[in-house]
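Novice: Chains A and B, in that order, give the protein sequences.
Residue 78 in my numbering is what sits at position 65 of the first sequence, and the numbering runs on without skipping anything.
Residue 282 in my numbering is what sits at position 260 of the second sequence, and the numbering runs on without skipping anything.
Simulated from the structure, these hints should not be mistaken for laboratory data.
Among these hints, one or two may not hold up.
[To be verified] In silico DSSO-like cross-links for lysine-lysine, where the CA-CA straight-line distance does not exceed 27 Å:
no.	chain 1	residue 1	chain 2	residue 2
1	B	204	B	438
2	B	93	B	341
3	B	93	A	45
4	B	299	A	45
5	B	438	B	299
[Unchecked claim] Only part of the chain A face toward chain B is listed, based on derived beta-carbon distances under 7 Å:
no.	residue
6	27
7	29
8	37
9	41
[As the list claims (entries may be wrong)] Here are the computed distance ranges between Cβ atoms for each label pair:
no.	chain 1	residue 1	chain 2	residue 2	range
10	A	43	B	312	30 to 40 Å
11	B	231	A	50	26 to 36 Å
12	B	157	A	36	44 to 54 Å
Glycine included, each C-beta is placed from N, C-alpha and C at the ideal position.
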Amino acid sequence: LIVHIEIDEDLCIGAGICESIAPDVFQVQEEKATLLLSTEITADNRDLMTQAVSRCPAAALRIEE
Amino acid sequence: MTVDSPTAGSRPYHRFNVSDYDFWNLDFRARDATFHQLRAEPGLSWQPPRESAFGYDEPGYWAVTRHEDIKHVSQNSELFTSAMGVAVDPTPMEIQRISTFFLTMDPPEHARYRRLISSAFTPKQVRLIESQIKVNAAAVVDDLLEALTGGDEINFISECAAKLPMRTVSDMIGNDSSEREKLSHAADALFSSSDDETVSFEDRAGYMMAQLDILTGSGIRLAQLRREEPREDLMTNIVNAEVDGQRLTDGDIGAFMVLLAAAGNDTTKQTTTHTLKALYDNPSQLQWLREDFDNRIDIAVEEFVRWSTPVIAFARHAKVDTEVAGTQIKAGEKLVLFYCSANRDEDVFDRPHQLDLSRSPNHHFGFGGGGVHFCLGSQLAKMQLRHLFHQLVTRLPDVEVGELSHVNNNMFHVAKFLPIQLA
């Protein structure tokens, strides 16, 4: 099973919380929205993604099943 | 008081008054007895305006005390603006603008300014200065241990808590050590200016302006130096940056320096102080952390910040007629977000008045309620706390930590004195 993660680049403020939760998936960039290093996440990482989504201060992240 | 008291306008003030100067003489725990009651009441409470040192009138404000409601206001900047000010006490916008930089901006302007400096605070950039922070943390604790060896009682705040964040911020921006001391002193004075013991109410506005002048002046001078001779530091980036094709004004740069000296410095200092006190009040928690520091510190740091709540409150204003928790808010009315109350909200935190370093999840609002104004320096703050407490937890000998005294301040959780001496 794979989940899909999306980032709204207009909302992203680069706070870097997602990167601190899952550095393999998120990378904050200078003067731009956070980069998704991979968008397809295996289900064992689902908990981490849920955390990243719920803790994003700008509500810029979304999970799609 | 058990009945609502009348106001000049038609709306009565709530019977629980959190604007009163004496209320803020109580300590954090005692104040939360009132916030606890406000959280349990339906809707929001309408509060009398605080007395303004600047002779500036306001009709009052809505106190937002529940975690859920603070989140709603923080994360909907299209409904709740920061551009009409974020200060809790009635303060003219000119003064707020020279002291807050992009804190008093809304999207999209806010994002254009924030981006100029946010790149210096990303997790990756913060990791680049980690080794320096580590060295500085060790040096700060070396000095503390040295100061303790005399056996006398010393002030943990000036001898330790104040040192690391000011050093970190100065290293980043490119200030030397003499300038660092001056900024540190002015920031201290600014954060204590709310207390009658520091300065009388009549002299308060002038005293605050004098500190702001020192901070903005320092920023403007450093900017001039970097224009003439660029270096590898944040100020050089700032003077070279453009927003909409325009360089930043001296006013912007001055306000940025105030923000760094205040938000970037004082908050981490307060958190360090309140945390040390809490750890020595809760020896089993300290022991738990000590047993497996490396694996426990990341989760513990979140509790340090929840517990300390260095920023007590910030304000917003409604942009349109709207509703919060069933209360009708009119366009232009002020709302004060009491992060101190959200961080003790029993609907979110189990046993909120207990220090629990293993608390997880820990959705505290120590860095704000989320949204575009979420603390830019959160990664940097947490890294400093990790390294400083590593030093303190592993190296501090048996000490006695005394009673903490605090400054009367309704926006920042400012500690004045924390005695510490060898046991």
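Novice: Each hint: holds or not?
Specialist: Evaluation of the provided hints:
no.	hint	verdict
1	B/204 with B/438	18 Å, holds
2	B/93 with B/341	17 Å, holds
3	B/93 with A/45	25 Å, holds
4	B/299 with A/45	40 Å, violated
5	B/438 with B/299	13 Å, holds
6	27	5 Å, holds
7	29	4 Å, holds
8	37	13 Å, violated
9	41	4 Å, holds
10	A/43 with B/312: 30 to 40 Å	38 Å, holds
11	B/231 with A/50: 26 to 36 Å	48 Å, violated
12	B/157 with A/36: 44 to 54 Å	24 Å, violated
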